[in-house]
Every structure is written in C-alpha cells, then in structure tokens.
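Trainee: One-letter residues, chain by chain:
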Amino acid sequence: GQQLNQSPQSMFIQEGEDVSMNCTSSSIFNTWLWYKQDPGEGPVLLIALYKAGELTSNGRLTAQFGITRKDSFLNISASIPSDVGIYFCAGTFNQFYFGTGTSLTVIP
Amino acid sequence: EPEVTQTPSHQVTQMGQEVILRCVPISNHLYFYWYRQILGQKVEFLVSFYNNEISEKSEIFDDQFSVERPDGSNFTLKIRSTKLEDSAMYFCASRSGRGYNEQFFGPGTRLTVL
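Going down the list, the protein sequences come from chains A and B. Using the working numbering, you'd call the opening residue of the first sequence number 1 and step up by one each time. Using the working numbering, you'd call the opening residue of the second sequence number 1 and step up by one each time.
Just so you know, the hints here were simulated from the structure itself, not pulled from any lab data. Quantities reported herein were computed from a predicted structural model and do not represent experimental measurements.
Within a straight-line C-alpha distance of at most 25 Å, the following computed DMTMM-like cross-link-like pairs (lysine to aspartate or glutamate) qualify:
hint : chain 1 : residue 1 : chain 2 : residue 2
1    : B       : LYS42     : A       : ASP38
2    : B       : LYS42     : A       : GLU41
3    : A       : LYS70     : B       : GLU102
4    : B       : LYS83     : B       : GLU59
5    : B       : LYS57     : B       : GLU68
6    : B       : LYS83     : B       : ASP62
7    : A       : LYS70     : B       : GLU44
8    : A       : LYS36     : B       : GLU3
9    : B       : LYS78     : B       : GLU53
10   : B       : LYS42     : B       : GLU59
11   : A       : LYS70     : B       : GLU56
12   : B       : LYS83     : B       : ASP63
13   : B       : LYS57     : A       : GLU41
14   : B       : LYS42     : A       : ASP83
15   : A       : LYS70     : B       : GLU59
16   : B       : LYS42     : B       : ASP62
17   : B       : LYS57     : B       : ASP71
18   : B       : LYS42     : A       : ASP71
19   : A       : LYS70     : A       : ASP18
20   : A       : LYS36     : B       : GLU102
21   : A       : LYS36     : A       : ASP18
22   : A       : LYS36     : B       : GLU1
23   : B       : LYS42     : B       : GLU56
24   : B       : LYS78     : A       : GLU41
25   : A       : LYS36     : B       : ASP86
26   : B       : LYS83     : A       : GLU41
27   : B       : LYS78     : B       : GLU18
28   : B       : LYS78     : B       : ASP63
29   : B       : LYS78     : B       : GLU3
30   : A       : LYS36     : B       : GLU44
31   : B       : LYS83     : B       : GLU44
32   : B       : LYS78     : B       : GLU68
33   : B       : LYS78     : B       : GLU56
34   : B       : LYS78     : B       : GLU44
35   : A       : LYS51     : B       : GLU102
36   : B       : LYS42     : B       : GLU85
37   : B       : LYS57     : B       : GLU102
Using the sequences and the hints, build the whole thing.
Mentor: Shown next, in the form of structure tokens:
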C-alpha cells in the first residue's frame, strides 16, 4: 500500500517556538489533510489542502500542498502548551492514508 | 456544530465473543468509514461505505468484520469472533462527499479483548 513518511517522529520544544513537520509519499495525492489527536480522542481536522502549491492558514497553523503532490508540511508558530498532541498527515487518492504521526511536547 | 458520535466509549469482551461498535455519522454526510488504531501506532483504514454498500476495504477487514447501516442514522462495525489482536481504538468517520474530501472523526471506541 501507499507509504506516508512523517517527520520528525517527536519534538520537544519551548513554549513560543515555531514548529515544522512534514509528510512525504511515494505516490501522488489529490488531497492532503492535517489532523491533531489528543490522547484517547479521535483525530481533529486542522487543515485541508486541495491544490498543488496551495498554502493555507488556520490561526497559528500554516500548511502547504507540495508542488509534486507527494509532500506537505505543517508549521505551527509561537507554540503554546495546548499544542501538545500527535499530529497526523493524511493523503487521499481514492483511499485515505495516514502518516505515522509527530508527537509534539511543548515545555512551558 | 454537528459531530460524529460513537458508542460505547469502552468495550471489554472475551476472546471469541462478537462485538458491535456503533456510530452516528454527521446527518447529511454520504460516506462513512471505520479505522483502527492500535495503541501507540498510526490510524489504519478498515473500510469505506457509500450508498449502502462497501466501496473499499483494507487487508485488515477480513471475514470476521462486517459493517451495516441498519437505519438512516446508525453505522455499525461488527467483529464476529474477537481475537486478542483486535484490541485497539476504533474510529468512525464521515464525509459529506459534495466535492470535499475532509473526513470528520468520532471520539472512538476503545475495544479490549481479554
């Protein structure tokens, strides 16, 4: 099946720092989505991207759909403690594929 | 704001027993999904359902699994004879399908097989 490689696997940052994570695929996707999952809860949609090159913001979050359609990144600016959680990318091309997740820890 | 709901939040069962996990998708959505997440691992696709039939399924979704939309609001996942390795979080998701690919997830059911 499709492989979605997400990096980094985990991050430990100080409150106020910016965060960047990315996702790469061996195949092209027609949609990229970014989700956040808190422990014991379901993934919550953060940003959806539909076009190659598209750059979309949602508050302090910015995500881009790579030009090759095989990658996407998510940036979080000025991190706060409630940003803690696991961030998953997901790509769709008929089926949904999830990345392996980036665990974010924000140190106050 | 409309949301996907799932019941129960936690199900404990003995190996070999049948379990039914229930979901109520967002009311005007047309596509429904089940996913599984083993503790500490990524979310894995199980099955998608549209127009009262399965549209896609993964290798995980073998003959022990079945899905049903018994009425206009519920969407269920049945595991006929549970195994220890079925212990996981099970998430239901729905999508409107009207030109948008965003899937909205429920809070999940934690299944523990003893």
